[in-house]
Amino acid sequence: MSDRDAAFQEYFAARSDAMRGTAYLLCGDWHRAEDLVQQAFTKLYLAWRRVERHEALDAYTRQIVVRTFLSERRRGWFRFESATDDLSDSAAPPGAYPEERMVLLEALAKVPPKQRACLVLRYWEDMSVEQTAAVLKCSEGTVKSQAARGLQTLRGLLSQQERVR
Amino acid sequence: MNEEDLKRAFQDVVVASSPPPAMDPGVALDRAHKARSKRRASVTGAVVAVLVVGVGLGSAFALNPRGTKDALIGAGPSSSSSKPGLPDTQWGDEWPVGQSDRTATNGPQADRGTQLLELAKASLPAGYEAPDLKYLDTAMHGGMLRAQAQVSSNKGESPEVWLYTAYVPVRKGEKVGQLTVNVSTPDPRLPTDPCALAKRMQGQDKAECKVVEVAGKGVGVASPASPDLGTGMSASYRAPNGWTVTVTQEDEYRYSGYPALDQQPFLMPQLAALAADPKFLLGS
Numbered sequence: 001m002s003d004r005d006a007a008f009q010e011y012f013a014a015r016s017d018a019m020r021g022t023a024y025l026l027c028g029d030w031h032r033a034e035d036l037v038q039q040a041f042t043k044l045y046l047a048w049r050r051v052e053r054h055e056a057l058d059a060y061t062r063q064i065v066v067r068t069f070l071s072e073r074r075r076g077w078f079r080f081e082s083a084t085d086d087l088s089d090s091a092a093p094p095g096a097y098p099e100e101r102m103v104l105l106e107a108l109a110k111v112p113p114k115q116r117a118c119l120v121l122r123y124w125e126d127m128s129v130e131q132t133a134a135v136l137k138c139s140e141g142t143v144k145s146q147a148a149r150g151l152q153t154l155r156g157l158l159s160q161q162e163r164v165r
Numbered sequence: 001m002n003e004e005d006l007k008r009a010f011q012d013v014v015v016a017s018s019p020p021p022a023m024d025p026g027v028a029l030d031r032a033h034k035a036r037s038k039r040r041a042s043v044t045g046a047v048v049a050v051l052v053v054g055v056g057l058g059s060a061f062a063l064n065p066r067g068t069k070d071a072l073i074g075a076g077p078s079s080s081s082s083k084p085g086l087p088d089t090q091w092g093d094e095w096p097v098g099q100s101d102r103t104a105t106n107g108p109q110a111d112r113g114t115q116l117l118e119l120a121k122a123s124l125p126a127g128y129e130a131p132d133l134k135y136l137d138t139a140m141h142g143g144m145l146r147a148q149a150q151v152s153s154n155k156g157e158s159p160e161v162w163l164y165t166a167y168v169p170v171r172k173g174e175k176v177g178q179l180t181v182n183v184s185t186p187d188p189r190l191p192t193d194p195c196a197l198a199k200r201m202q203g204q205d206k207a208e209c210k211v212v213e214v215a216g217k218g219v220g221v222a223s224p225a226s227p228d229l230g231t232g233m234s235a236s237y238r239a240p241n242g243w244t245v246t247v248t249q250e251d252e253y254r255y256s257g258y259p260a261l262d263q264q265p266f267l268m269p270q271l272a273a274l275a276a277d278p279k280f281l282l283g284s
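The listed protein sequences derive, respectively, from chains A and B.
Quick note: the first sequence, position 29, residue 29 per the numbering used here, numbers continuous.
Quick note: the second sequence, position 229, residue 229 per the numbering used here, numbers continuous.
Pulled out of the complex, with its shape left as it was, chain A reads as follows (with noise of 0.2 Å):
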């Protein structure tokens, strides 16, 4: 093996835990998240040799789960989550365990992406909103307006749940 596929294996097995959690916040799913985690990994692997001196290996990757998703989440990848703001308040199909539908997690899910990244990037992984703008490419009083409103928007449906619930 290269030293080269044996410093992105220890980098994947240390790591990929950490940015399947951020993947699993942003999209809601594990196998999904999994996926984007793959390929943010992959791209990092044909990137490595440019990256792997700047030890920032992390912030790199992560900017890549994240654009990753925000990216598929345009071309409709994403394409189970609901497109309306009305909450359903049907019954759960046979069979559908309620922990897998948790509260937080459907409220984040109808938080429009980019809010939700903001949302993730700031509360999550605890970075600042410099680090976040970075990240998402936007500037920092965008990062601050996008963290309030989806504070705000996910507040408001988790008040709503809690009133069909």
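Worth flagging that the hints you see were computed from the coordinates, not collected in a lab.
It is possible that part of the hints are untrue.
Derived lysine-lysine pairs resembling DSS-like cross-links, with alpha carbons at most 27 Å apart [claimed, not checked]:
id, chain 1, residue 1, chain 2, residue 2
1, B, Lys279, B, Lys121
2, A, Lys137, B, Lys7
3, A, Lys43, A, Lys114
4, B, Lys121, B, Lys155
5, A, Lys110, A, Lys137
6, B, Lys172, A, Lys43
7, B, Lys210, B, Lys121
8, B, Lys175, B, Lys121
9, A, Lys114, A, Lys137
10, B, Lys34, B, Lys155
11, B, Lys217, B, Lys279
12, B, Lys121, A, Lys43
13, B, Lys175, A, Lys114
14, B, Lys155, A, Lys43
15, A, Lys110, B, Lys34
16, A, Lys43, A, Lys137
17, A, Lys114, A, Lys144
18, B, Lys134, B, Lys175
19, A, Lys110, B, Lys155
20, B, Lys172, B, Lys134
21, B, Lys121, B, Lys134
22, A, Lys144, B, Lys155
23, B, Lys217, B, Lys121
24, B, Lys7, B, Lys134
Once you have looked at the hints, place chain B on chain A.
Relative to chain A, chain B alone:
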């Protein structure tokens, strides 16, 4: 909900949603290699295509300087390739018909998940029961006794892989542990070595593992290398037909709010025997 609440809620969601076993670095590397080969092939192909088109146009012009169309007609369309070995699942645009994601909530695959749950419930040793408990922790939702059936391959991939999981609360007195049974149809991504499989399913590459022989079958039994990394014990068996079974026992049902069992329900040989029990192959 403030920012601190959201941080805690994110943590709860990730933990409560039963993350699958850790991803395999070897598989990731293999896919990265394929992507690199594909990219190289694309670049080479593009160069070749330019050359071929150039040579072809040059030849056509030489043979047919007046430019009639007939000289440029080549071979007919290539025959389409068949993909043998695909199960008879009817797929929609992205998921099997009737599904909106990877999880089957009804139909034959969901039935297999339910079948697995019943088999797992019936496997507990004397003195233990498998009640349909609810989480005491109000941050958690839903029942603790549950099954799941999900397709883990993508549309068009061969072989099509289905994963069935049964989560069983194991109660003795007031204390509750957990038994998880994971059954996969043949999946070439999973390792063939019993210990590698058990470690992979447990998600701990550095777990301690030994192969236990059960009636001539090798079963990998893995435990965390230190108590800090958990107390679960996983037994994994790969059947000759490629199906894999992993049975994991834990003395606690995490995040349930119930106190943990004083000891795990199965001894190591019993857990290995359970993993190798042909009933979990679901009639395959």
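Against the structure shown, which of the earlier numbered hints fail to hold, in ascending order?
4, 6, 12, 13, 15, 22
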